[in-house]
Amino acid sequence: MAGEAGEPGRRADRARAGRRDGALAVTELFREHHLELVRLALVMVGDLATAEDVVQDAFERLHRGWPGLRQPSSGLAYVRSSVLNGCRSVHRRAAVARKHAPRLAGPSQSGPDAATAAEDRGELAAALRRLPRRQREVLVLRYYLDLDAAEIAGTLRIAPSSVRATVARGLAALARALGEDEASDRS
Amino acid sequence: MTDLEQRLRDELQKISERADPGSIRPLRVRPARGHRRLARWLTPVAAVAAVLAVIGGVYLAGHTPGRASHPPKRPSARLTAPPPGPAAPDVMPPYYVVVQEGPGYPLVPAAVVRSSRTGKVLASVRLPKVGPASSLAISAAADDRTVLITDGNDLFLLRLTAGGRPAGLSRLPLSLAAGVPPGPTRFSVPVSAALSPDGRTVALEGQSSCGPVSVSKGVGVLGCRDNAIRLVSLVTGASRTWSMRALWQPGIWISWDGNDHVLFSWAAASKSGPQASGYRLLNVAGPGSDLLAARRLPLAPLPVDTGASYTQSAFVTPDGSAVVESTFGPVGPNGGTTVSVVELSARTGRLVRVLLEESIARTDLSVLFKNEGCSVLAIGPGGVHALVECTTLTRTVFGRVDDGRFTRLPGLPYLGSSATATAAW
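Sequence lines, in order, name chains V and H. Counting with this note's numbering, you get residues 1 to 187 for the letters of the first sequence. Counting with this note's numbering, you get residues 1 to 425 for the letters of the second sequence.
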């Protein structure tokens with residue numbers, strides 16, 4: 001009987017401990033990685049305010065979802081994936097907005113795409129933005145965050161072999177877009 | 001790395017730097033959008049956002065003193081360092097070099113040069129050989145362009161251009177074994193090496209004739225009878241040795257000031273009674289060869305290494321006026337740990353300032369500096385900006401400590417527990 005009576009109390013204790021650990025862990029992740037994640041989002045969406053919103057959403061989701069994380073050590077991978085998901089949503093919303101915009105209104109001068117166009121006039125950045133989403137994400141994770149294939153695979157939930165193939169395809173596509181023969185450049 | 005890859009890396013870095021630490025806002029509580037849904041989750045989110053916002057303020061203030069829009073606040077229960085002193089001159093070394101092998105980038109053992117301000121990879125030089133993981137060591141000359149790398153056996157000299165690009169990696173005709181003094185038994189502990197500020201001389205410390213001395217609180221105490229510091233000129237090959245015979249615990253730390261002095265720490269290993277310890281400053285421009293003739297500094301004795309509380313590392317500042325040491329040990333009646341990095345006057349032994357102090361409750365499972373604590377790896381040539389490595393059971397983080405704040409070095413992904421790395425500037 002004592003055991004049955006004590007079980008709800010123990011569950012409550014565990015829940016409280018989980019919430020406390022979650023808050024501390026989220027705080028820690030924020031302190032460690034907020035800037036890095038904002039920059040990642042900025043690279044993906046091109047607009048600082050939007051990037052900040054995306055990262056804010058990601059941290060809120062992380063806090064809410066912390067008790068469900070199987071491995072607390074995977075918090076960074078979770079929030080990184082969440083940021084990438086948020087960036088995809090931004091692009092989807094922008095695409096929908098463009099589709100439904102009044103035809104006579106002309107191109108929108110606000111939002112991430114406009115900011116992107118204003119800020120990223122570089123040929124390489126423009127070529128990167130024209131890549132398919134998966135290639136763009138893999139290249140950013142590889143060449144901006146310096147993640148290796150295994151870490152990228154964990155973040156995007158794809159196989160490491162797919163990561164390597166996608167990196168190669170993305171670089172080749174960039175080279176084509178820039179009019180370069182990447183194959184001859186590779187050592 | 002191809003030209004395209006390097007350009008891509010540079011372009012992404014350039015885009016990302018539009019988000020500088022002084023311009024991004026901390027997390028905030030969003031305005032209400034739906035009453036019933038909001039009521040369900042706003043409270044916990046608001047609580048954590050408030051905590052994060054405070055920490056965000058500290059974070060931003062740490063990166064851009066004087067620019068933060070909110071006054072810097074500390075989470076009072078977490079950091080106990082005193083208020084920052086007068087602003088230190090900004091002489092942060094331009095680069096930091098990480099020698100790393102492990103699961104992260106780079107996959108092969110390499111010395112990676114990064115910009116201290118942006119974290120951008122300036123160079124990645126593959127090392128010909130890296131020995132036992134625990135023996136990786138690195139030290140930099142004052143110009144931040146000459147770096148000594150040791151792998152537990154061989155020594156390499158990495159030279160950088162003014163832009164941080166590699167100008168050459170050479171294996172020195174010298175091994176760490178040269179630092180081990182002769183003795184009746186050759187059992188020795190890993191030797192450490194430090195490059196002089198002018199990059200022309202290597203100091204090697206070595207201990208031999210080591211063996212178990214006693215057991216203290218369940219932890220065996222090792223003692224080494226032969227102890228030495230040897231200087232080798234990288235220009236002429238000439239060497240000079242200071243030695244002494246006494247039972248010292250292994251693991252003395254050495255570092256140079258800018259005036260021909262080498263700081264070393266020592267701790268006696270006795271079978272019973274108090275175990276003396278302290279710091280000495282060896283004048284390598286002076287006469288003699290007796291290590292014990294080195295000037296003893298009036299600093300508080302180092303905690304004896306019992307496995308639970310000890311000085312992890314100590315560096316003398318370039319002007320020789322202070323010693324920056326990192327320690328950790330148990331604290332409080334309920335257990336827990338305190339991690340500290342302090343600056344002590346070399347003349348009086350008094351505390352100059354606390355660079356970092358963190359108390360960690362035993363039950364706190366999510367903190368950064370859990371068990372292993374922090375080690376000072378280098379001091380910037382201006383005497384500020386201590387380069388610090390903080391290690392937990394699962395990760396290693398490099399950062400700088402100044403004005404009471406730990407600021408993670410930018411760019412370096414956090415390293416898992418299986419990675420082996422050390423850094424210098």
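It is possible that part of the hints are untrue.
If you only want the chain V side, here are some residues facing chain H, beta carbon under 10 Å, derived [claimed, not checked]: (1) R31; (2) E36; (3) A41; (4) L139; (5) D146; (6) I158; (7) L171.
Examples of chain V residues lying across from chain H (beta carbon under 10 Å, computed) [as the list claims (entries may be wrong)]: (8) E32; (9) R39; (10) V43; (11) A94; (12) P132; (13) V140; (14) Y143; (15) A153; (16) L156; (17) R164; (18) A165; (19) L174.
The set of hints was computed from the structure by calculation and includes no laboratory data. Computed from a prediction, not measured in an experiment: that's the story for all the values here. Each residue gets a CB set at the ideal place from its N, CA and C atoms; glycine is no exception.
Structure-based check of all given hints:
Interface restraint check: V:R31 against chain H, minimum CB-CB distance 5 Å, threshold 10 Å, status holds. Interface hint status for V:E36: upheld, as the beta-carbon distance to the closest one in chain H is roughly 8 Å, under 10 Å. The interface hint given for V:A41 holds, since its Cβ lies 8 Å from the closest Cβ of chain H, which is under the 10 Å cut-off. Residue-level restraint check for V:L139 holds (minimum Cβ-Cβ distance to chain H is 7 Å; threshold 10 Å).
Restraint check, V:D146 versus chain H: the minimum CB separation of about 4 Å is within 10 Å; hint holds. Annotation: V:I158 was flagged as interfacial toward chain H, and the flag is violated, the nearest CB pair being 18 Å apart, outside 10 Å. For the restraint placing V:L171 at the interface with chain H, the shortest Cβ-Cβ distance is roughly 6 Å, inside the 10 Å limit, so the hint holds. Hint status for V:E32 relative to chain H: holds, with the closest Cβ pair at about 6 Å, below 10 Å.
Evaluation of the V:R39 hint against chain H yields a held restraint, the C-beta minimum of about 4 Å falling below 10 Å. Below 10 Å, beta-carbon pairs count as interface contacts, and V:V43 has one with chain H at about 5 Å; its hint therefore holds. Taking 10 Å as the C-beta contact cut-off toward chain H, the hint placing V:A94 at the interface is violated, the least distance being around 18 Å. With 10 Å as the threshold, the beta carbon of V:P132 stays out of range of chain H, its nearest partner Cβ sitting at about 16 Å, so the hint is violated.
Hint status for V:V140 relative to chain H: holds, with the closest Cβ pair at about 6 Å, below 10 Å. Proximity of V:Y143 to chain H holds as hinted, the smallest CB-CB distance being about 5 Å (cut-off 10 Å). Interface hint at V:A153: violated, since its Cβ lies 13 Å from the closest Cβ of chain H, which is beyond the 10 Å cut-off. Against a cut-off of 10 Å between C-beta atoms, the interface hint on V:L156 is violated, since the closest Cβ of chain H lies about 16 Å away.
The interface hint given for V:R164 is violated, since its Cβ lies 12 Å from the closest Cβ of chain H, which is over the 10 Å cut-off. With its C-beta approaching chain H no nearer than about 16 Å, V:A165 sits outside the 10 Å limit, and its interface hint is violated. With its C-beta approaching chain H no nearer than about 6 Å, V:L174 sits inside the 10 Å limit, and its interface hint holds.
In summary, the numbered hints that this structure violates are 6, 11, 12, 15, 16, 17 and 18.
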